[in-house]
Each structure stands twice: as structure tokens, then as C-alpha cells.
Amino acid sequence: MPGDISLAEIMKLAGTEIGVSNWIIVDQTMIDTFADATLDHQFIHVDPERAKAETPYGGTIAHGFLTLSLLSAMNYSGLPKIREQTLGINYGFEKIRFMSPVKCGARVRGRFQLAETRLRGANMLMLTYDVTVEIENERKAALTATWTTISQFDPKDRPEEI
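The letter at position 158 of the sequence shown is residue 158 when you use the UniProt record's numbering, and the numbering goes up by one with no holes.
Please note: incorrect hints may appear among the correct ones.
Unchecked claim - Estimated spans, in silico, between C-beta atoms of each pair: (1) 136 with 65: 17 to 23 Å; (2) 149 with 54: 36 to 42 Å; (3) 65 with 86: 27 to 33 Å; (4) 36 with 105: 15 to 21 Å; (5) 90 with 15: 20 to 26 Å; (6) 14 with 73: 21 to 27 Å; (7) 56 with 115: 32 to 38 Å; (8) 73 with 124: 19 to 25 Å.
What the hints assert, rightly or not - Cross-link-like lysine-lysine pairs, in silico, PhoX-like; alpha carbons within 20 Å at most: (9) 156 with 81; (10) 95 with 140; (11) 81 with 12; (12) 103 with 140; (13) 52 with 103.
None of these hints come from the bench; they were simulated from the model.
Bear in mind the structure is a predicted one, so any value in this text is a computation, not a measurement.
Glycine included, C-beta positions come from ideal geometry on N, C-alpha and C.
Based on the provided sequences and hints, a complete structural model is requested.
Next up, the structure:
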């Protein structure tokens, strides 16, 4: 469904899948960069030879938090843009579950079901998504979560029918 959507239109879509992102390749460079940024250099992420020899994964795997952080990029490619939005804010997550490891070289994508919309004040719309990060050619998802964001807009753009 990428493209544009109005505030009034998106509020009517609660309970439906509203987007699927592009695939993202999780390669060793991405994993290493994330390890450097988070200071998490556990061998299962950054040492391909040792990970191949000592883990059941056949090589390195992405950090769970790396997979979670990719939801921001998945949001941009998979969700419609709200025309009236002046600012988007990440409000938080609930019920994050890391279901299956993402092996180095795998492709992942996000599926977004709009669970709820709720106006907050005169100029904010809270959007709650049930998100799933799929791993290409895998039966089990990498993760599931409930994600809440806020779309800020000019109060003059608030739809009459809301």
C-alpha cells in the first residue's frame, strides 16, 4: 500500500495489513557495524569461523536488536506516507519476541498490520502496528512486536469527520 494516505483514510484501516516492506540483506558488514555501534562483539555475531564451528547456525547471526532496528527502514519502504504528517515519532514497543535467528546473508522484510489508531491531543495520531519481520525462505519469523508511533500534524489539518 505505499504511497500517500490521509489522516481520515488511515484511521479507517485499523485491523488490516497496510504494508509490506522491501527485502533487506543482512550481511556481515551490517552485523559488524552494528556490533561496533552497540559494543556487542559476541562471537556468534562477528566471528564467522568460530560461529560455524561452535553454533548450530552454520555461521554468524544478526543481533536481535539489529533486526528490530531495521523496522525503521522497513517502515519507510512499506508503509504509506500520511499526507498531513509534519513529524513522525517512535513512541515505543511492546511484546517484542525474537522468534528465529537471522543468519548472515539472509534477506528480511517487515509486514505491518495497523492494530489501532487513536487521536492524542489536537495534533497527534497514535498508530499501533502488529509487526512481523520475515526471513526469506524460512517458515518462522525473525521477530514479532507491537510498535506504536505518533504522527504529528498541524491542528488545522485535523479531519472534520474524526
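Verification of the supplied hints:
A beta carbon spacing of about 20 Å between residue 136 and residue 65 agrees with the range 17 to 23 Å that was offered as a hint. With their beta carbons about 39 Å apart, residue 149 and residue 54 fall inside the hinted range of 36 to 42 Å. The hint said 27 to 33 Å for the Cβ distance between residue 65 and residue 86, and at roughly 29 Å that hint holds. Taking 15 to 21 Å as the suggested C-beta distance range, the pair residue 36 and residue 105 conforms, at roughly 19 Å.
A hinted range of 20 to 26 Å for the beta carbons of residue 90 and residue 15 is consistent with their spacing of about 22 Å. The hint said 21 to 27 Å for the Cβ distance between residue 14 and residue 73, and at roughly 24 Å that hint holds. Judged by the Cβ atoms, the range 32 to 38 Å given for residue 56 and residue 115 holds: they are separated by roughly 34 Å. For the hinted restraint 19 to 25 Å between residue 73 and residue 124, the CB-CB distance of approximately 23 Å keeps it satisfied.
Distance restraint check for residue 156 and residue 81: the Cα-Cα separation of roughly 19 Å lies within the 20 Å cut-off, and the hinted pair is therefore satisfied. This hinted pair checks out: residue 95 and residue 140 have alpha carbons roughly 17 Å apart, not beyond 20 Å. Straight-line distance between C-alpha atoms of residue 81 and residue 12 comes to about 15 Å, which keeps the hinted pair within the 20 Å bound. For the suggested pair residue 103 and residue 140, the alpha carbons sit about 13 Å apart, so the restraint of at most 20 Å is met.
Using a Cα cut-off of 20 Å, the hinted pair residue 52 and residue 103 holds, with the two alpha carbons roughly 11 Å apart.
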